[in-house]
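Undergrad: These are the residues of each chain, in order.
Protein chains: 2
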Amino acid sequence: MKSVGVIAEYNPFHNGHLYHLNQSKAMTGSDIVIVAMSGNFLQRGEPAIVSKWTRAKMALNAGADVVVEIPYPFAVQKAEIFASGSVAILDALHCQSICFGSESGTIHSFYKTVDFLEKNQDTYNQYIRHFIKQGVSYPKALALAFGALGKKEDTVDLTRPNNILGYHYIHAANRLNSDIHFYTVKRHTAEHDDDHIHDDQIASATSIRKLIRENGHLESIRPYIPETTYAEMEAYYQSYLHWHEWEDYWPYLQYRLLTMNEDEMNNMYDIEVGLPYRLQKAAEKSSSFRSFMERVKTKRYTWTRLQRICVHILTNTTKKDMETAGNKPQYIRLLGISAGGRAYLNKVKKDVSLPIVSTVSSFPEDLLRLDRKAALVYSQALSETKRDRLFTLEYAQPPIMT
Amino acid sequence: MKSVGVIAEYNPFHNGHLYHLNQSKAMTGSDIVIVAMSGNFLQRGEPAIVSKWTRAKMALNAGADVVVEIPYPFAVQKAEIFASGSVAILDALHCQSICFGSESGTIHSFYKTVDFLEKNQDTYNQYIRHFIKQGVSYPKALALAFGALGKKEDTVDLTRPNNILGYHYIHAANRLNSDIHFYTVKRHTAEHDDDHIHDDQIASATSIRKLIRENGHLESIRPYIPETTYAEMEAYYQSYLHWHEWEDYWPYLQYRLLTMNEDEMNNMYDIEVGLPYRLQKAAEKSSSFRSFMERVKTKRYTWTRLQRICVHILTNTTKKDMETAGNKPQYIRLLGISAGGRAYLNKVKKDVSLPIVSTVSSFPEDLLRLDRKAALVYSQALSETKRDRLFTLEYAQPPIMT
Chain F
1 MKSVGVIAEY NPFHNGHLYH LNQSKAMTGS DIVIVAMSGN FLQRGEPAIV SKWTRAKMAL
61 NAGADVVVEI PYPFAVQKAE IFASGSVAIL DALHCQSICF GSESGTIHSF YKTVDFLEKN
121 QDTYNQYIRH FIKQGVSYPK ALALAFGALG KKEDTVDLTR PNNILGYHYI HAANRLNSDI
181 HFYTVKRHTA EHDDDHIHDD QIASATSIRK LIRENGHLES IRPYIPETTY AEMEAYYQSY
241 LHWHEWEDYW PYLQYRLLTM NEDEMNNMYD IEVGLPYRLQ KAAEKSSSFR SFMERVKTKR
301 YTWTRLQRIC VHILTNTTKK DMETAGNKPQ YIRLLGISAG GRAYLNKVKK DVSLPIVSTV
361 SSFPEDLLRL DRKAALVYSQ ALSETKRDRL FTLEYAQPPI MT
Chain A
1 MKSVGVIAEY NPFHNGHLYH LNQSKAMTGS DIVIVAMSGN FLQRGEPAIV SKWTRAKMAL
61 NAGADVVVEI PYPFAVQKAE IFASGSVAIL DALHCQSICF GSESGTIHSF YKTVDFLEKN
121 QDTYNQYIRH FIKQGVSYPK ALALAFGALG KKEDTVDLTR PNNILGYHYI HAANRLNSDI
181 HFYTVKRHTA EHDDDHIHDD QIASATSIRK LIRENGHLES IRPYIPETTY AEMEAYYQSY
241 LHWHEWEDYW PYLQYRLLTM NEDEMNNMYD IEVGLPYRLQ KAAEKSSSFR SFMERVKTKR
301 YTWTRLQRIC VHILTNTTKK DMETAGNKPQ YIRLLGISAG GRAYLNKVKK DVSLPIVSTV
361 SSFPEDLLRL DRKAALVYSQ ALSETKRDRL FTLEYAQPPI MT
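Keeping their order, the protein sequence lines are chains F and A.
So for the first sequence, our numbering puts the first residue at 1; every next one is plus one.
So for the second sequence, our numbering puts the first residue at 1; every next one is plus one.
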């Protein structure tokens, strides 16, 4: 049984994802697709529009066989850590290959890029430090350092978001001494973030979420998503009367920022000197998340890094919490599984070095604490009984079976 | 110019309070009434139904001359500390007398009680420790210890809530070496807490709030409040579309309890060993503040003590914060003042040892931090722009002038 791994957020699952899923199977000749998916909060420091359970269902309905959660300490992180956690999980589950979407579309160029940077590592790191000292953001410094290394042939453009992730996946596999083979599918839409639609069937997740918010209903996104996604999005709304967005959490973020003391602020993960005061002053003056973000954004702090910091403040995730979580995932939380996925897991599970968590209650509570807090925070967007109903899933919902 | 001090919460101001205000002036022959009033959170660990600004207006409209705020570290506290903070403020403002409502109604008996307990202090304290060891609550232990001291003549019944407060007022004045004279007015309604109405013009604040909640409008409370209170209650509702209650804060309390770590819980003011786990487990299972409280209540922890602890958790008030605040108020925050009150303050202010805060912006931010956090938390019951509008008053509202 051959398996291919996919790293995804499915926010929500759309036709581009479906194309990628099918291509992943076809290109690698795999029987089984394993998805490592972000939980309720995403890599860019945003709440997912619907819960991880609904997004896992979307993936299963579209042909995924196993959906596992990227644990919070790896999901809400910069590309490098996000990649290392995701790849480690897929490696632990014995995927023979990983297939990712990229702007480049040529796997050969990725391997070349990783090789090139590993050979020029010291100079590269010197450049990175140099540019960071000039006050630019970390991702910007990476791109500038890469450019400063001079002319290189056949490498990928490391200013594009999906190329960056792809690069980090391969780099992470190297550091794990993993023999996973990588494949890449060229993305149909121009940009991960693009909120314009250029195609009559393919639109980015960003533009799809924008359509939902602008129209307040799902009809307008129908051309861009599988029918199964439509049904799950509708079911979620009927059940919770809500699609999640950052503004839902603003009252909680403002409340936290304005009641925390200095020590507590400084303990928060990824917070640097000077930022607490800046965040607290802006929170006092802002009446929406958007206006708050516009106040705190600087050249040094990217929008996404600040969003991640805000998620960590919401979930009360400290530097110590992240240290304790370590630099490799310590468990694999199973969100959903197909019949094929069950057969696969039964075959490989004796060789899986990490515990696979199906029933939360039989697992040490402490290890899952950060995911649990993220689930609690995520559910605060809902009103009363719906809030409790959604949070209860975190410990009561068994993996979804199809 | 003679002044009498009154210690109050006015939640909301009703005919009983008006009677007490008028009696206080008449009994003491005072020109000026100074009210030390709780802010947005009250002694019993509850949010006030309307903000401190509206309650200050009610008091001014009914004849009060100066309304000052009992700072948070003294307002949300057991009777002894509440009394010591309130009396210290009225003493600093040079009130010649304090007049309080009580079940007893006989000031002579209060002085006797204070004398008796000061004389029997050691035995009394031994009894208190004895009963606390048996697992009863602190107020219950006080009452039992008082009973155990045997037969005494002409003392007040220290199982009644207003008698207890009155006792602590006099006791606090003694410890301050203050020469304030005390007076007491017998309360019309049987109990502070009584939610039944026995009179056609006098009802307890508790029963008035109950009527508002049950009926959803103010018409039913009209017989029990001055016309000016009616107008202020209506204006508050028109402005904020809300009357505050504990359930409004439940999502925030649950969120805090389920995202705090053990150290943070143990740092919270008035938290004792064993309580964090109990609170967190109950928060997980409860979908309302009421059901939460019913789960955590024990013989040892009274409902009001637990409510106060919950307010401290909401405002993130630590043991260290309360230590820093000290055991005497460090400032007097002026909420409202009449023409008479201005004349009085102009006369005495050179002899007032504490700074009088009229403009928050000209005062060290750190000292007012706990009041500010309380105001922030209090405003979280409201939606979006109303929340910000109410919170802004905390630093932008000058004292109300009449």
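Keep in mind that the hints are not guaranteed to be accurate.
Since the list can't tell identical chains apart, any single copy or any two copies may satisfy a pair.
Said to hold, decoys possible - Heads up, simulated SDA-like pairs for lysine to any residue below, C-alpha to C-alpha not over 25 angstroms straight-line:
no. : residue 1 : residue 2
1   : K386      : E247
2   : K349      : L382
3   : K119      : R175
4   : K78       : H171
5   : K140      : R175
6   : K320      : Y252
7   : K347      : D321
8   : K297      : N266
9   : K152      : I107
10  : K386      : V296
11  : K2        : H217
12  : K112      : N61
13  : K350      : T159
14  : K319      : N267
15  : K319      : L258
16  : K281      : L368
17  : K319      : N266
18  : K320      : Q280
19  : K350      : A231
20  : K320      : I271
21  : K386      : P251
Read the hints as simulated data drawn from the structure, not as lab findings.
Model, not experiment: these values are computed from the prediction.
Undergrad: Each hint needs a verdict: does it hold in this structure or not?
TA: Against the structure, the hints come out as follows:
1. K386 with E247: both (18 angstroms within a copy, 16 angstroms between copies)
2. K349 with L382: Classified as neither: same-chain Cα gap 37 angstroms, cross-chain 51 angstroms, threshold 25 angstroms.
3. K119 with R175: Intra 14 angstroms, inter 77 angstroms, cutoff 25 angstroms: intra-copy only.
4. K78 with H171: within (14 angstroms within a copy, 60 angstroms between copies)
5. K140 with R175: within (23 angstroms within a copy, 65 angstroms between copies)
6. K320 with Y252: Both: 22 angstroms inside a copy, 24 angstroms across copies.
7. K347 with D321: neither (34 angstroms within a copy, 57 angstroms between copies)
8. K297 with N266: For K297 and N266, the Cα distance is within 25 angstroms only inside one copy (18 angstroms; across copies 35 angstroms).
9. K152 with I107: Answer is within; shortest intra-copy Cα gap is 16 angstroms, inter-copy 93 angstroms.
10. K386 with V296: between (33 angstroms within a copy, 23 angstroms between copies)
11. K2 with H217: neither (40 angstroms within a copy, 68 angstroms between copies)
12. K112 with N61: Close neither inside one copy (36 angstroms) nor across copies (80 angstroms); limit 25 angstroms.
13. K350 with T159: neither (41 angstroms within a copy, 67 angstroms between copies)
14. K319 with N267: both (6 angstroms within a copy, 19 angstroms between copies)
15. K319 with L258: Both: 20 angstroms inside a chain and 18 angstroms across chains, each within 25 angstroms.
16. K281 with L368: Between copies only: 16 angstroms across chains, 33 angstroms inside a chain, cut-off 25 angstroms.
17. K319 with N266: Cα proximity of K319 and N266: in one copy and across copies (9 angstroms, 19 angstroms).
18. K320 with Q280: Both ways: K320 and Q280 sit 22 angstroms apart in one copy and 21 angstroms across, limit 25 angstroms.
19. K350 with A231: neither (36 angstroms within a copy, 73 angstroms between copies)
20. K320 with I271: This pair counts as both: shortest intra-copy Cα distance 12 angstroms, inter-copy 23 angstroms.
21. K386 with P251: both (18 angstroms within a copy, 12 angstroms between copies)
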